[in-house]
Amino acid sequence: MTYRDRIAAALEEGCRFAGLYANDNVVRTVLVATDGSLRLESAAVENGSVATIVDLTPAAAWDEREAADLYGVRFDGHEPLRPLVIHDLELTSWTVRVRGDDAYQVAVGPIHAGVIESGHFRFHVVGDKILHLDARLFYKHRGLERAAEGQTLADGRLYMQRACAACAVSNSLAYAHACEEILGLHPSAELARVRTVLLELERAWNHLNDIAAVCAGAGLAAGNTFFAALTERARRLNERFAGHRFLFNSVQLGGSALTLDAAAIATTREELASIATDSKRGWRELLFNSSFQDRLPDIGVVSADDARALGAVGPAARASGLADDARSRSTRLAYNGFEPVAPRRVVGDVQARLEQRAVELLQTFALLDDLLDRPINPAEAVTARETTAVGLGLVESPRGATLCAVEHAHHRVTRVHLRTGSYANWPVVAHAAAGNFLPDFPLINKSFELCYACADR
Amino acid sequence: MLTLLRNLRRLRTEIGLPAPRLGRSLAIRHVDAGSCNGCEHELTLASSPYEDVQRYGFGIVASPRHADVLLVTGTVTTRMREPLLAAYNAMPEPRRVVALGDCALARGVLAAVDEIVGPVEALLPVDLRIPGCPPSPPTITQALLELHDAGKRRTSERMPGAGLEPA
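Chains as they are written, first to last, in this note's numbering: chain A, 1 to 457; chain B, 1001 to 1167.
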């Protein structure tokens, strides 16, 4: 069976595309099976090219474009193979041609009007209506994956952590899982519990931040300030819990040194309960604020079919009706019996994506309360299986499934690839914008609240 | 809505931030030159009720055209070099440059050498360095206050009477 046939068969079986990357003369595609296990399909690069899979799964579009730009691989059948990471090119080479009466372009960025990361949006519009959006990111491309090559497996983690502060735990953990697979290690129950707590603490502050962001996008200053205050409290709690407001360095390879006695755990639970109560109160106010609610429905709609085809992940995918959450099938974390929650109207618009955060937030607080039922002690991963040449890790970040693939030689990184929830969802943002009015774009964008740093690396 | 506002008023009372000396103002233009998004998140929370940097008259403005301060985060990537210089060149004099966070100061930068230009000072004259990974909201506020007050002292030395406090 050819590489294309194997991918087609896997997709037919219900596998989901999770990422694609190039290495020396090989292209590797990662798929998630319906039971949550990860499958790796490789194709040798012959005469500089590999057959495309973008027609089988459009979710691979950005991955193939990136591999073409950074590793010089051609993908036969991917036409036009537009540049993604390479800048300094003619506008026509990276934008879609839009023709017709009165069609024109609006260029925004890379510098935006607020405290926002750098990235460029090129809107093709008629009047106020968006016909098409070309997002050009990678202004923040720091070559982190390449920089990590040659590092020890332990040091490689720092590069993945640096990819993004908002997803530092998720990215570090996806990397740690990949390395532990290489080393044949499996986390002990205590290690799985500590890491699950850290991942949920990261989700808590991010979801609070994202609700504040939608309020800002709709011009509701009171809601924005209210949830910004809760975000601040959650970050202070992080600092008390693990010594850093963004939980930097709390995830380590092969173990955890974190120690919290009964008193510290009690304080943490108390503060979490208080933040949860206030979040509920704030959310209730938002629900009953009709001028705010009127801004949210029926804009930036992503149908379930489109979400699936484009490979949407995380809250954005769940708000469109895809009940996909890496937490429900995680064998390395303490999510026993986890089931994703859904908003009242699962219609993939701004309102659904906002409410998805709100219901997940309450679930996160409940999970944390369950997990923090006893003191936290240092824990280690234990030897459980054969070592492997390629390690894969998949973690549900606040923005969705984040994949890390690590290849090594003598325990030094030879190739590492991080495909974050933000990376998966950026093409979905562009799709969601089409057909809407330009002034609605900031709100649509905020309803995804993706990281640029995570995507650019 | 009223409940939200009442809640915020209660929060303000509880936190009890000291009322600042009046007569200060800084218009800040932020540029992300290649950060990990940590400095942005902390800069955003410098405006939360717990820090409220606006009480000093400091605000983020939408354009470099009316900014006093260019606040740069991240190590400068090759792709952000030109936009950063364009923002700086668009600013009126006098202007100040602030490098926010360890990456902007070239401390412990993780990146492929050929993808980055270097720290902010490799391109622009830096007036204030705020270390931290990332610097916390109070650290950011305090550093900006020092920059503002030092500038005011310089002005009053040059032009007697110009830096006087309002009565």
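Certain hints may be false.
[Stated by the list, open to error] Sample of chain B residues with no beta-carbon within 10 Å of chain A, all distances over it, derived:
| no. | residue |
| --- | --- |
| 1 | Thr-1013 |
| 2 | Arg-1021 |
| 3 | Arg-1024 |
| 4 | Ser-1025 |
| 5 | Gly-1034 |
| 6 | Cys-1039 |
| 7 | Thr-1044 |
| 8 | Arg-1055 |
| 9 | Asn-1089 |
| 10 | Met-1091 |
| 11 | Leu-1110 |
| 12 | Ala-1122 |
| 13 | Leu-1123 |
| 14 | Pro-1125 |
| 15 | Pro-1137 |
| 16 | Ala-1143 |
[As the list claims (entries may be wrong)] To spell it out: a stretch of chain A is covered by chain B in this simulated footprint if at least three of its residues, at any positions, have a beta carbon under 8 Å from a beta carbon of chain B; those stretches are:
| no. | stretch |
| --- | --- |
| 17 | 419-431 |
| 18 | 445-456 |
Since the hints were made in silico from the structure, they are not lab data. Glycine included, each C-beta is placed from N, C-alpha and C at the ideal position.
Quick rundown of the hints versus the structure:
1. The Cβ of B:Thr-1013 sits about 13 Å from the closest Cβ of chain A, beyond the 10 Å cut-off, so the non-interface label holds.
2. Interface exclusion of B:Arg-1021 from chain A stands, the closest Cβ pair being 24 Å apart, more than 10 Å.
3. Non-interface call for B:Arg-1024 relative to chain A: holds, since the shortest CB-CB distance, roughly 20 Å, exceeds 10 Å.
4. Chain A leaves B:Ser-1025 outside its interface by the beta-carbon criterion, the shortest separation being 18 Å against a cut-off of 10 Å.
5. Some Cβ of chain A comes within 10 Å of the Cβ of B:Gly-1034; the nearest lies about 5 Å off, and the non-interface call is violated.
6. Not every CB of chain A lies more than 10 Å from the CB of B:Cys-1039, the least distance being 8 Å, so the non-interface label is violated.
7. Its beta-carbon lying about 5 Å from the closest one in chain A, B:Thr-1044 breaks the requirement of being farther than 10 Å from that chain.
8. Remark: the non-interface label on B:Arg-1055 is consistent with the geometry, its nearest Cβ contact in chain A lying 13 Å away (cut-off 10 Å).
9. No beta-carbon of chain A is positioned within 10 Å of the beta-carbon of B:Asn-1089; the least distance is around 13 Å.
10. With a minimum CB-CB distance of about 12 Å to chain A, B:Met-1091 clears the 10 Å threshold, and the non-interface call stands.
11. With a cut of 10 Å on Cβ distances, B:Leu-1110 falls inside the contact zone with chain A, its closest approach being about 5 Å.
12. Listed as outside the interface, B:Ala-1122 is consistent with that label: its C-beta sits roughly 15 Å from the nearest C-beta of chain A, beyond the 10 Å cut-off.
13. Distance to chain A confirms B:Leu-1123 as a non-interface residue, since its nearest Cβ pair spans about 15 Å, more than 10 Å.
14. Even its closest Cβ contact with chain A, about 20 Å, leaves B:Pro-1125 beyond 10 Å, as expected for a residue assigned away from the interface.
15. Separation of B:Pro-1137 from chain A is inadequate, the least Cβ-Cβ distance of about 8 Å not exceeding the 10 Å criterion.
16. Distance check for B:Ala-1143 against chain A: the nearest CB is about 16 Å away, which clears 10 Å, and the non-interface claim stands.
17. Beta-carbon proximity to chain B at under 8 Å applies to 0 residues in the stretch 419-431 of chain A; the threshold of 3 is not reached and the given coverage is violated.
18. Requiring three or more residues with a Cβ within less than 8 Å of a Cβ of chain B, the coverage given for the stretch 445-456 of chain A holds, as 4 such residues are present.
Hints 5, 6, 7, 11, 15, 17 from the list above are not met by this structure, while the remaining hints are.
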